[in-house]
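Colleague: Residue-level listing of the chains:
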Amino acid sequence: MPALFFPHRYPPLLRVAVLVLLSVFVSVFSEKHPNIESVSLTMAYPVQWISMQETGFWQQADNYLQSRAALESENIRLHAELIRAQPKLLEADILRNENRQLLALLDSIPQPPGKVTVAQVIAQNFSPGSQLLTVNIGARAGVFVGQPVLAAGGVAGQVIRVSPMSSQVALLSDLDSSIPVQPADADTPLLVDGRGDIDRLAIPFQPRNTSLKVGDKLVTSGLGGRYPPGLNVGTISAVIHNGDQPFAQIAVQPAVHLGQLDTVLMLWDRPFPQPAVTP
Amino acid sequence: MIAIALILGFFFALTAEIIPCGPFYALLHPDFVALLLLYWAISSSSELSLTIVWLIGLFQDMVLGDVLGAQAIAGVIMIYLLYTSLGRVRRLSSWEQLFFIFLLLLTHRLLVWLWQAWAGVITWHFSLLLGPLIGALLWPIFTLALDYLRHALRPRPT
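Sequence lines, in order, name chains W and C.
Residues in the first sequence are numbered from 1 upward in steps of one, following my numbering.
Residues in the second sequence are numbered from 280 upward in steps of one, following my numbering.
Keep in mind the hints are simulated off the structure, nothing from the lab.
Now the stretches of chain C that chain W is said to cover, found in silico as 3 or more residues with beta-carbon under 8 Å:
hint	region
1	283-295
2	335-346
3	355-361
4	383-394
5	402-413
Label-pair distances were calculated between CB atoms; the ranges are:
hint	chain 1	residue 1	chain 2	residue 2	range
6	C	I420	W	Q66	25 to 31 Å
7	W	A70	C	G301	14 to 20 Å
8	C	L307	W	V24	28 to 34 Å
9	W	A70	C	I420	30 to 36 Å
10	C	L327	W	G215	52 to 58 Å
11	C	I420	W	G56	24 to 30 Å
Ideal Cβ positions, reconstructed from N, Cα and C, are used throughout, including at glycine.
I would like the entire structure built from these sequences, with the hints used as guidance.
Modeller: Here it is as structure tokens:
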């Protein structure tokens with residue numbers, strides 16, 4: 001292998017040192033310029049595309065190899081679920097109408113309904129430091145940075161990087177993630193932070209005599225304007241009052257199985273951004 | 280031919296790292312790119328350029344979406360450490376190399392972790408130890424498979 005930039009006559013330790021410095025430079029530079037991240041996501045697209053094809057191949061093979069009995073039992077299960085879901089759908093329709101009437105009585109402007117698009121997960125990267133998913137739609141489909149991402153059950157996370165064909169989602173459990181919530185039956189504003197653990201979130205800075213208790217459901221509060229209010233986030237699974245700690249340690253079980261997502265819902269809560277019309 | 284096989288190999292190693300197969304796979308899969316780098320460094324007769332190792336690591340960072348430079352620098356330091364005792368490692372059988380590989384993969388994983396922790400909170404996680412261990416246990420099978428592939432792809436004298 002020919003030496004690319006360095007002739008081999010330089011001592012190896014010097015080469016390592018220069019490359020270390022170069023890495024520091026690259027990481028600091030990319031933190032300062034977020035555009036770099038979108039460029040790097042674009043450059044990574046070929047690998048993600050191959051990964052997507054591989055996933056598709058495995059799913060097809062799995063479908064093909066599934067036995068008739070398994071398919072029949074799944075069919076029965078799905079049918080039962082549908083029967084159970086149908087009344088809820090009717091109820092939702094009734095509630096929506098009622099809500100519109102009530103809003104009209106209050107002279108309040110009804111919110112335009114949000115738009116939801118299904119996206120397929122094409123890559124995942126879970127390490128103790130970061131819990132990211134890559135999905136198969138990007139800026140071309142109108143995805144933007146900070147967009148809420150939902151999944152069956154509630155909130156899954158938000159978009160942090162966008163490239164034309166794909167975008168990257170930080171899950172709620174990511175170390176950098178934090179989401180404003182409130183208990184479903186009160187309006188105490190709270191935060192739920194990611195701790196790098198896929199099925200355990202945390203509420204920071206609550207006093208030891210906190211009124212929160214195990215089993216409380218948490219929904220988004222809508223503060224900050226990023227997530228619409230009222231979406232499921234999780235359930236409090238443990239409240240530990242440790243004598244040594246200044247704050248109570250509160251663990252939250254996320255409403256979504258964050259580790260097993262293969263499709264997610266991208267939510268456009270505000271009106272869908274229209275491409276600028278050029279005259 | 281070997282060059283194409285190598286590029287394809289790194290592509291597949293990268294896809295194997297990001298393929299969505301559930302949380303256990305995502306946390307415990309061995310670092311295939313690091314394994315491939317180690318195999319390449321140990322089996323190739325010429326010294327591989329640290330710059331190329333760095334570039335491969337940088338591309339891996341782009342694919343994973345981590346802090347840029349984390350995998351890059353971990354790869355360079357891992358290969359450098361390997362080169363400090365390459366002769367000794369080469370004389371060992373692949374079963375005996377397993378221990379060295381474990382230490383190198385562990386160094387790699389911890390360096391990446393430290394680089395990420397630089398920006399965030401430091402939390403210990405059992406996968407930091409188990410990932411390299413699984414990678415090292417796979418090493419003998421991995422070398423066997425790649426030796427076979429390399430033998431099959433070797434240009435034959437006509």
